[in-house]
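Going line by line, the protein sequences match chains A and B.
Using the working numbering, the first residue of the first sequence is number 1029, and each one after it goes up by one.
Using the working numbering, the first residue of the second sequence is number 5, and each one after it goes up by one.
By construction, these hints were calculated from the structure, which means they are not laboratory data.
Be aware that a few hints might be false.
Claimed, not checked - Subject to a maximum C-alpha distance of 20 Å in a straight line, what follows is the list of computed PhoX-like cross-link-like pairs (lysine-lysine):
(1) K103/B to K1066/A
(2) K53/B to K65/B
(3) K1066/A to K1037/A
(4) K1037/A to K1064/A
(5) K73/B to K62/B
(6) K1081/A to K103/B
(7) K1069/A to K103/B
(8) K1037/A to K1050/A
(9) K1064/A to K103/B
(10) K53/B to K75/B
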Amino acid sequence: DTEVTQTPKHLVMGMTNKKSLKCEQHMGHRAMYWYKQKAKKPPELMFVYSYEKLSINESVPSRFSPECPNSSLLNLHLHALQPEDSALYLCASSPTSRVEGEQYFGPGTRLTVT
Amino acid sequence: AQSVSQHNHHVILSEAASLELGCNYSYGGTVNLFWYVQYPGQHLQLLLKYFSGDPLVKGIKGFEAEFIKSKFSFNLRKPSVQWSDTAEYFCAVNPLGGKLIFGTGTRLQVFP
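With the rest of the complex left out, here is chain B:
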């Protein structure tokens, strides 16, 4: 069965630290890839997406993600986190012709 794994369930960082959240998926065909963020009490927002082309994609708020096809990975990165980045982060994969599948989420806490 198709699945999306986010290995980091809870990440705690200090402001200005660098962030990398892992995302791996199990599907051999063409996929569209997304990272969504859910700030406390707010709705899911699209952070960035990959459909095709340059595997390094830039999103909002200084986030970027790299698609490595050989590793079935789409890791999220930010060079320097802020307190306002505290949120739940969901990786999501959409196989062509399939449905959007979410990972279990990573809770990020950033302390000033």
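Chain A on its own, in the form it takes in the complex:
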């Protein structure tokens, strides 16, 4: 199994809503990532978890809150988002705990904030 799965595929939420994005991998990878990708732009790193501990936060606003319940799961909790937060949110994982390992990406959650 070389898949990273993400749910939901699409999400529409209002600015006052609370929602969560989920990511799962069963490759035994020890590092997991959240990226944000706007249309026609490269992915931008948001968070990195290494061995279930938050190791990098790229100065992401607090309305995005990551959580890593175990080595296979990664969540991104969303609250009071703005319309400019609409984007494709990608989850990735890598085999090693070193941040510089190769990364495998999920299909993403396309988020629309209204």
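Following the hints, position chain B against chain A.
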């Protein structure tokens, strides 16, 4: 600041043409290098990678890339493209101890 440049933003080719996509990075230390591909409506997939050793690396689907350290380059090549190669291609660089940095991407369109 560390950066990755992909000079070709949009490339249009006919089937069977040869492909070379440029990638340059600005970082003087040791780096790991990647090319990712994003087919229309699909997720990012790893095309090939370079960590160390032979600077000419072969990836999936007939792609290869050459690391030229003196030029800070990692260009992607394919001798003969197919319509199915139509996609967005991202070069990415990971300095040791740093984070993965993506280039701006190159959109490749291949016409039959």
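Here is how each hint holds up against the structure:
no. : hint               : result
1   : K103/B to K1066/A  : holds (19 Å)
2   : K53/B to K65/B     : holds (14 Å)
3   : K1066/A to K1037/A : holds (16 Å)
4   : K1037/A to K1064/A : holds (14 Å)
5   : K73/B to K62/B     : holds (17 Å)
6   : K1081/A to K103/B  : holds (16 Å)
7   : K1069/A to K103/B  : holds (17 Å)
8   : K1037/A to K1050/A : holds (10 Å)
9   : K1064/A to K103/B  : holds (14 Å)
10  : K53/B to K75/B     : holds (18 Å)
Consistency note: the structure conflicts with none of the earlier hints.
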